[in-house]
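Given next are the chains, with one letter for each unit.
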Amino acid sequence: MAFTLRSVKVPPNSASLEEARGRVFDFFRQACRSIPTIMDIYNLDDVATKSQLRSIIAVEIRKNTHVTNPKVIDMLLFKGMEELNNIVEHAKQRHHIIGQYVLGRCAQDLDTKDEGASDFLKNFYKSNYF
Amino acid sequence: MGLGSLASRTLKSSRILSSQYSRFRPIVTKPGLQSPDASSAAAAAQPEPSPPPPKKPVGGARFEFTNPDDAIEVFVDGFPVKIPKGMTVLQACEIAGVDIPRFCYHSRLSIAGNCRMCLVEVEKSPKPVASCAMPALPGMKIKTDTPLAKKAREGVMEFLLMNHPLDCPICDQGGECDLQDQSMAFGSDRGRFTEMKRSVVDKNLGPLVKTVMTRCIQCTRCVRFATEVAGVQDLGILGRGSGEEIGTYVENLMTSELSGNVIDICPVGALTSKPFAFKARNWELKGTETIDVTDAVGSNIRIDSRGPEVMRILPRLNEDINEEWISDKTRFCYDGLKRQRLNDPMIRDANGRFKAVSWRDALAVVAEVALKVKPEEIVGVAGKLSDAESMMALKDLLNNMGSNNVWCEGTGTSPNADLRYRYLMNSSIAGLEKADVFLLVGTQPRVEAAMVNARIRKTVRASNAKVGYIGPPTDFNYDCQHLGTGPQTILEIAEGRHPFSSAISNAKNPAIIVGAGLFERDDKDAIFAAVEAIAKKGNVIRPDWNGFNVLLLNASQAAALDLGLVPESSNSIESAKFLYLMGADDVNLDKVPADAFVVYQGHHGDRSVYRANVILPSAAFSEKEGTYENTEGCTQQTLPAVPTVGDARDDWKIIRALSEVAGIRLPYDTLGAIRSRMSTVAPNLVRTDEIEAAAFGPSLSPECGQKIESTPFKAAVENFYMTDSITRASKIMAQCSAMLLKK
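Going down the list, the protein sequences come from chains Y and R.
The letter at position 79 of the first sequence is residue 79 when you use full-length UniProt numbering, and the numbering goes up by one with no holes.
The letter at position 543 of the second sequence is residue 543 when you use full-length UniProt numbering, and the numbering goes up by one with no holes.
Don't take each hint at face value.
[What the hints assert, rightly or not] Straight-line alpha carbon distances no greater than 30 Å define the calculated DSS-like cross-link-like pairs of lysine-lysine that follow:
(1) Y/K122 - R/K508
(2) Y/K126 - R/K286
(3) R/K536 - R/K372
(4) R/K338 - Y/K126
(5) Y/K122 - R/K372
[As the list claims (entries may be wrong)] Computed beta-carbon distance windows for the label pairs:
(6) R/K591 - Y/F130: 32 to 42 Å
(7) R/E289 - Y/Q93: 24 to 34 Å
(8) R/R607 - Y/K63: 45 to 55 Å
(9) Y/T49 - R/R607: 43 to 53 Å
(10) R/D181 - Y/Q93: 30 to 40 Å
To be clear, the hints were calculated from the coordinates, so they are not data collected in a lab.
Using N, Cα and C, we set each Cβ at its ideal position, and we do this for glycine too.
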């Protein structure tokens, strides 16, 4: 009954930006706590690590840092909760998770590692034919 | 407007025409049809056509006039052509550019003349002659396109097809079948055979050759090949007339190492490749011309692939190296390319199990360990199948790290790469045909290099050359004297006490072939010195003929010694802390210390993987463009036929990337750059298809003070079918070694 419990608990509106901030952090903690379940459901052990998923969630949340209206933040949190529920209750499938969240992100956190690499090395990591 | 009405009028009229008169064909008469005189007058009125230009020989064939005064002139279809004396009518037509159909004639086998498909009309002859057997006489007028010749061909084809089963849809030779092609080109359109066809029971020739003897047209090409080229008298014809069968009479398997060539030779689908049976049709295959690396001969092959998979390997014509034949190991090792392939970099974790990682992590780990170790504890070993570019990169990398302990497996503990004549086949494989005495020292060419053995056999057959052999008892497919088993015999011949030394001194072109298995011995310098004494005494090394030959075992040895992969110390493995194995599976890893960090870079998970700490997957010879030098010093290039497996990379690219991650970046990024680096070290390695002869002779070789040990010579290759990582992974090779090796 986890799915029904989560969506029910939506309070009307946040009073101020600080409350909305608090709600964002609660949401982030809730999402991070459900990461082990997600990895178990979708067998993501070979594809990503828990820390990677955590940083992916953090990146998604950080995409909306510019928002200041608490109502908008509440709406975004609602959508985030809805997505999290979908994932946890197995309404999505593995290829959705991999395609929407895992792929394409790995390059982002490796930009820092490839600072001094030449073109040869960058191409070498990608494939044999260049 | 006006044009539109015109158009509509023509359309209307043509529609009427087509509708009303579509049943009737308009009859048109031509002036030529009205009266023959008018047509001939019209034809005669035209000016004489200029004589057509002479045609080039069929298939670009070359022919040489051994004696220019002996040239004969014959006329083929009206064209005069000059040919050497002794050529047959069929060869004369080939030179004239006319292709005559044939089934039983093969340019490298003796003449049989039993298929009768090559019948041509010769003036002043009552019946058509079999052009493959008839010698061309001066002034002969040969006509190949007269109605008589065409009728003869149609008749022969009709007879051949009478007892031939309707197997085209299930026959592997469909699409490349001589019978299909020639019946389309020269046969008649309908047959008159209404009786029952005969059928023949299939023979079991082994795990390589599939036989459907009903399809056999008794051309006897396989029989002649087996007796002449392969030297085994396995096959023969039994029975007469329509009851003729080709078989082994007793239940024998074809154990010869050249048995796969009968598949190419058979013009119909009677003898086909068993591993390739029912796998593909020839028109869906893409052929890539590359080089074989399973032995040191470097036979030219064509890899037929369909998508990412190698389907079969066929020989390519190269007169100098392998003519038109390839050995069974070359032909059938391709299914080892699909098994036990390494496709991901792997690191051994604390439990001892391998874990697949990304290239970034793997190279980072290797570079970290390499930089921590002292330079004299770094050792690199190149493998049997390594190409020259990767060996160059390995040597550069290890030299930049401060170590000079790089060598290629098979070159022994202290190889001497100073004088090239000491590790090459100096008379070249084609030059062996000129020899008249062979002395084989510690080498069994039949299992080490089957094409060299075929060449020796060709020479022995053609000119009755004498062959003396020193080594463990083996069987040869030509007459050979077993002179002894150990180095003592060499000393005896060198001092002239042995009866064979007179044979060498009396010979015009003596050839000595030393096996590369002797590189592993401790007294190899002494043995080489003794052999050179024989060479000096028998005048083997002369300006016009160098008969001192070394038969190498691996495809990479010659290039390795040319590039200078010579280790500093001979027992560096025992004190190594960082061991880089580049495809090296036959290195004795027992002496490696337990805390050494072993990196294995290769394409198969063979023997060395079990000791490795890091695995870096690389490309096999069919997937990379690499330079290989064969045992006679001819540089050849492989081309990629299929894409690499999984995450594998080219060997030299891995080393270049590793060098960058380790901080000592190598200065080349592209294939051209590494080739120019190779040319600074060994310029002959960039000149493909050219043999670079050894520059200096024994005058420069140093004196040797070693004593010869009296241990007899060992066989260098125990199992012909399983010698390197690809053949050991192949199921066909396993079947062959189980069934075909003599116990």
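Results for each hint:
With a CA separation close to 61 Å, the supplied pair Y/K122 and R/K508 exceeds the 30 Å bound. At most 30 Å may separate the alpha-carbon atoms for a hinted pair to count; Y/K126 and R/K286 meet this at roughly 27 Å. Between the alpha carbons of R/K536 and R/K372 the distance comes to roughly 51 Å, so the proposed pair goes past 30 Å and is violated. Annotation: proposed proximity of R/K338 to Y/K126 holds, straight-line Cα distance about 23 Å (limit 30 Å).
Among the hinted pairs, Y/K122 with R/K372 is consistent with the structure: their alpha-carbon atoms are about 25 Å apart, no more than 30 Å. At about 39 Å, the CB distance of R/K591 to Y/F130 agrees with the hint of 32 to 42 Å. The hint said 24 to 34 Å for the Cβ distance between R/E289 and Y/Q93, and at roughly 47 Å that hint is violated. Under the hint 45 to 55 Å, the C-beta atoms of R/R607 and Y/K63, about 52 Å apart, fit the expected range.
Between Y/T49 and R/R607 the beta carbons are some 34 Å apart, a value that contradicts the proposed interval 43 to 53 Å. As the Cβ distance of R/D181 to Y/Q93 is approximately 54 Å, the hint placing it in 30 to 40 Å is violated.
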